[in-house]
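**Q** Residues per chain, in single letters:
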Amino acid sequence: MFPKNAWYVACTPDEIADKPLGRQICNEKIVFYRGPEGRVAAVEDFCPHRGAPLSLGFVRDGKLICGYHGLEMGCEGKTLAMPGQRVQGFPCIKSYAVEERYGFIWVWPGDRELADPALIHHLEWADNPEWAYGGGLYHIACDYRLMIDNLMDLTHETYVHASSIGQKEIDEAPVSTRVEGDTVITSRYMDNVMAPPFWRAALRGNGLADDVPVDRWQICRFAPPSHVLIEVGVAHAGKGGYDAPAEYKAGSIVVDFITPESDTSIWYFWGMARNFRPQGTELTETIRVGQGKIFAEDLDMLEQQQRNLLAYPERQLLKLNIDAGGVQSRRVIDRILAAEQEAADAALIARSAS
Amino acid sequence: MFPKNAWYVACTPDEIADKPLGRQICNEKIVFYRGPEGRVAAVEDFCPHRGAPLSLGFVRDGKLICGYHGLEMGCEGKTLAMPGQRVQGFPCIKSYAVEERYGFIWVWPGDRELADPALIHHLEWADNPEWAYGGGLYHIACDYRLMIDNLMDLTHETYVHASSIGQKEIDEAPVSTRVEGDTVITSRYMDNVMAPPFWRAALRGNGLADDVPVDRWQICRFAPPSHVLIEVGVAHAGKGGYDAPAEYKAGSIVVDFITPESDTSIWYFWGMARNFRPQGTELTETIRVGQGKIFAEDLDMLEQQQRNLLAYPERQLLKLNIDAGGVQSRRVIDRILAAEQEAADAALIARSAS
Amino acid sequence: MFPKNAWYVACTPDEIADKPLGRQICNEKIVFYRGPEGRVAAVEDFCPHRGAPLSLGFVRDGKLICGYHGLEMGCEGKTLAMPGQRVQGFPCIKSYAVEERYGFIWVWPGDRELADPALIHHLEWADNPEWAYGGGLYHIACDYRLMIDNLMDLTHETYVHASSIGQKEIDEAPVSTRVEGDTVITSRYMDNVMAPPFWRAALRGNGLADDVPVDRWQICRFAPPSHVLIEVGVAHAGKGGYDAPAEYKAGSIVVDFITPESDTSIWYFWGMARNFRPQGTELTETIRVGQGKIFAEDLDMLEQQQRNLLAYPERQLLKLNIDAGGVQSRRVIDRILAAEQEAADAALIARSAS
Ligand code: FES
Ligand code: FES
Ligand code: FES
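Chains A, B and C are the protein sequences, given in the same order.
Each residue of the first sequence is one higher than the last, beginning at 1 in the UniProt record's numbering.
Each residue of the second sequence is one higher than the last, beginning at 1 in the UniProt record's numbering.
Each residue of the third sequence is one higher than the last, beginning at 1 in the UniProt record's numbering.
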């Protein structure tokens, strides 16, 4: 159960640089490629001739060529040509609204008519030269909502990430959760603590002393369909915390785009955007590798949690204050799902009435 | 859905040289071995004692010995002996008609009574010293009919095998398909083209110039249950093509025996028979390795096509002129399946009437 | 189908030395660990907070800490604490009766109330300094009863273990089976035979001539729920066989604890206890490695037998005299299962009547 009329991150540009990419998103098998003039395109990964996956083919002059018998597919899902054949009567396949923005390829797996590029989640840092971004992709066998829960409650850092970003003070600090429209915000402030290893390195990377107490913050923002962006940082203690002047703090945005593959698996695009030393490509790589290791620590937990939930489907889970972020996010999702269902029903009624 | 009253290639002699071979064919679990006087035998791969697979046992004096407790199985499916036991009352297991011919072991997975060795597909080149043969075996997770489609329409060579035997002219040449009884023949002639790499090597191997235009031919013959034999070759252009005198051409027969394992998997015995330089065992090996590589290029396409068809079972595929060979072959198969069903029904009625 | 109100071997102490162990037993997902004062404890492997497996956590001061958000679980299945939370209302999870004895951790997967430690199968050699023990653990994809059949009929040694402990005389020697209460005993005596390789080595290890005829014995004892202990040995021929004075014989007990994981898979704890040279730790290791190799030979046979039985569920297996041990053992198991069912029904009626 995931909203289908929404923009999800489908892939990164490097994944379609040389050849088409076949990827299942929200249960739809889709092939992504660069169509005419290098613009991204996405159609069903199913050749109308004999059902071969078009992703095993190649792109020639912006046309997707089936690797089996050479059918030429257009980016609207209409066959353009096929050697020795008249193709006018060929059935169309589904095509998908797709956009390239902020360094990602975004797809709208639902009704193409409704896909408004203006609805793509705005990333103010993405095209800003004062910011740098690095990230990666994990495939995880869990419901996308388990990952939202994970990210909207960072007490798990104390346990899962004990040696990098976790610290005892996290789960002692009170968490506050609020909902603003479809956005859910959960935040936690830890004043006058010693920074854990990851943040000590960030302070040093930022030219700041790393052996003094700091004020630390975590502000998680869920936005539909399944994005979680987390402002995190530390400032030398007593300088104003989150609001401290730039020269006393190191901060960044943890970026999490969670794209359902199926009901129990996801494509997890993770990364970090920072607004200090944006030219430092080596620093970007160091952070990326470190973050990749930290986020990999969650994989096993999430996959085994998923297996446990499938094995005990009748069990009720607890909803504690620390879970409020996840619980509220699911409520937003449920509201969107209900609206999608209602719209679909209305369309059905309208169609049968006409 | 596959004919069961038909001869399929089960294995090659080397596969049963040292020990029994367990192999599922047309959904039947069968063990193949050399029985009395080295004659091939095949029975169910299920020991009547405790259900152990007989293929984990060994052969002693032409008797198949169960590797668990030593039961001795005869080639008719009747237990011959067991240490310390009287075996008269032991239930029989199924035995299968099996023949060794043309360098293959053939099995009839259906009704043993109907198995006439004269019905084994005749291979005129197999026992002829002027011909040489080399081949191999692939296991592929697809319906056997997808492989028939593949072989009865060689336009895919242009795309799947672009670097070896494919060439643009293939899918430009008109294809003609005709049906003669249960045989389906689809042929294509390309006159005055440059030979692709595989055929240039074959010309050289045959002592012929490889840098001149050639006339090329492909004549695919489907024969039930699922054999496809393809005459392929090139002749120096203008010398008569397929009918050119031997000194101007290089040709061979691509051999494809497709044996269903289950509804969605096959044992694919592929090879090439040639009537030039038959003593050249190194040449045989070179061709075998080359052909193995080419045929491996189809595997991924077929397996992913199969997965696509399972994911979208309701989709109609197109039936173009290039698909006529596959379409006609399926028609022959359907006719045989209907006849098998009718015979089974008639037998049922006869039995219940008596 | 396995008795649940019974003591099974769950693991060995080394498996829970550093961290909790998650293991499914009789279809129950259980986490084993050392609780207060180092005593073994076992609860469901399902955190009441969000369903994470507790086995991914760690133990602190005898409390099992969930690795996700730090919930502290007590050994009775009651949450003791959680950072920043009141836990009184948290639902309990199931806890299991568990005992450490004889060098094994034993678990009672059924009704905790009924778990009487006095019912743990007595192993007279286990705490006796004149005996030494070495063993290992295999995971096998078969019904636990197939392993009982295997061990209660050692004729398979002739075939499966031809090169180590098998010999032709085994399946020629008459086997006798008797039932004493819930114990099934099947025995076989082979007089005046040459010892096979394993036993020749044992004779030498025992300081005895290995090139003279021996009297050999095998006495298999099944005890519920699924233990098989086998007295095996050889004595110089004519010295009294099983009853010969110690200086003429080498003997030991083959230990087999078969713990169902699911209906078609087991944890198989195998080992050997011997009462000669008990201090010889190198000898223990040599025997352990040798036995491990021999027992590994059974794995493939058992797993493929299981697959055959699943493929042909309707087939009747034979019950020969050599199968009497397995057949009688299954009868004991069926009796216990029926009693468990009856008790469960009675409890249900009592509850609904009150
Ligand atoms: S399957 Fe795509 S062109 Fe034939
Ligand atoms: S299972 Fe084959 S002899 Fe026992
Ligand atoms: S899932 Fe165990 S503490 Fe949250």
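Because the hints were derived from the structure by calculation, they are not lab data.
As the structure is a prediction and not an experimental result, all values here were calculated from the model.
Don't be surprised by glycine CBs; every beta carbon is placed ideally from N, CA and C.
Any given hint might turn out to be false.
Straight-line C-alpha distance at most 20 angstroms; calculated SDA-like pairs for lysine to any residue [unchecked claim]:
id	chain 1	residue 1	chain 2	residue 2
1	C	K29	A	F58
2	A	K168	C	P313
3	C	K94	A	L310
4	B	K63	C	A162
5	B	K19	C	A162
6	A	K94	B	K94
7	B	K319	A	E72
8	A	K29	B	A311
9	A	K94	B	V59
10	B	K94	C	K94
11	B	K94	B	V59
Computed list of chain C residues with no C-beta within reach of chain B, every gap over 12 angstroms [claimed, not checked]:
id	residue
12	G22
13	K94
14	H122
15	A126
16	A173
17	P174
18	P197
19	M301
20	A311
**Q** Now look at each hint and say whether the structure bears it out.
**A** Each hint, compared with the structure:
Between C:K29 and A:F58 the alpha-carbon distance is near 47 angstroms, which puts this suggested pair outside the 20 angstroms criterion. With a C-alpha separation of about 56 angstroms, the suggested pairing of A:K168 with C:P313 is violated against the 20 angstroms cut-off. Restraint check for C:K94 and A:L310: the C-alpha separation of about 18 angstroms stays at or below 20 angstroms, so the hint holds. Only pairs whose Cα atoms come within 20 angstroms are accepted, and B:K63 paired with C:A162 is accepted, the gap being roughly 18 angstroms.
Distance hint between B:K19 and C:A162 is fulfilled; the C-alpha atoms sit about 16 angstroms from each other, no more than 20 angstroms. About 50 angstroms separates the Cα atoms of A:K94 and B:K94, which puts this hinted pair outside 20 angstroms; it is violated. Of the supplied pair hints, the one linking B:K319 and A:E72 holds, its CA atoms being roughly 17 angstroms apart against a limit of 20 angstroms. In summary, the hint linking A:K29 to B:A311 is supported, as the alpha carbons are separated by about 9 angstroms, within the 20 angstroms threshold.
Among the hinted pairs, A:K94 with B:V59 is inconsistent with the structure: their alpha-carbon atoms are about 57 angstroms apart, more than 20 angstroms. Restraint check: the Cα-Cα separation between B:K94 and C:K94 comes to about 50 angstroms, which exceeds 20 angstroms; the hinted pair is violated. Proposed proximity of B:K94 and B:V59 is supported: the alpha carbons are some 18 angstroms apart, at most 20 angstroms. A cut-off of 12 angstroms between C-beta atoms confirms that C:G22 is not in contact with chain B; the least separation is 32 angstroms.
Every CB of chain B lies more than 12 angstroms from the CB of C:K94, the least distance being 36 angstroms, so the non-interface label holds. Non-interface call for C:H122 relative to chain B: holds, since the shortest CB-CB distance, roughly 31 angstroms, exceeds 12 angstroms. For C:A126, the shortest C-beta to C-beta distance to chain B comes to about 32 angstroms, beyond the 12 angstroms cut-off, and the non-interface label holds. Non-interface status of C:A173 relative to chain B is broken: a Cβ of that chain comes within 12 angstroms, the nearest being about 8 angstroms off.
With a closest Cβ-Cβ approach of about 7 angstroms to chain B, C:P174 is found to fall inside the 12 angstroms limit, against its non-interface label. Against the 12 angstroms criterion, C:P197 stays outside the reach of chain B, whose nearest CB is about 19 angstroms from its own CB. C:M301, annotated as away from the interface, has a beta carbon of chain B within 12 angstroms; the closest lies near 6 angstroms. Consistency note on C:A311: stated as away from chain B, yet its beta-carbon is not over 12 angstroms from all of that chain's, at 7 angstroms minimum.
Checked against the numbered hints listed earlier, the structure breaks hints 1, 2, 6, 9, 10, 16, 17, 19 and 20; every other hint is satisfied.
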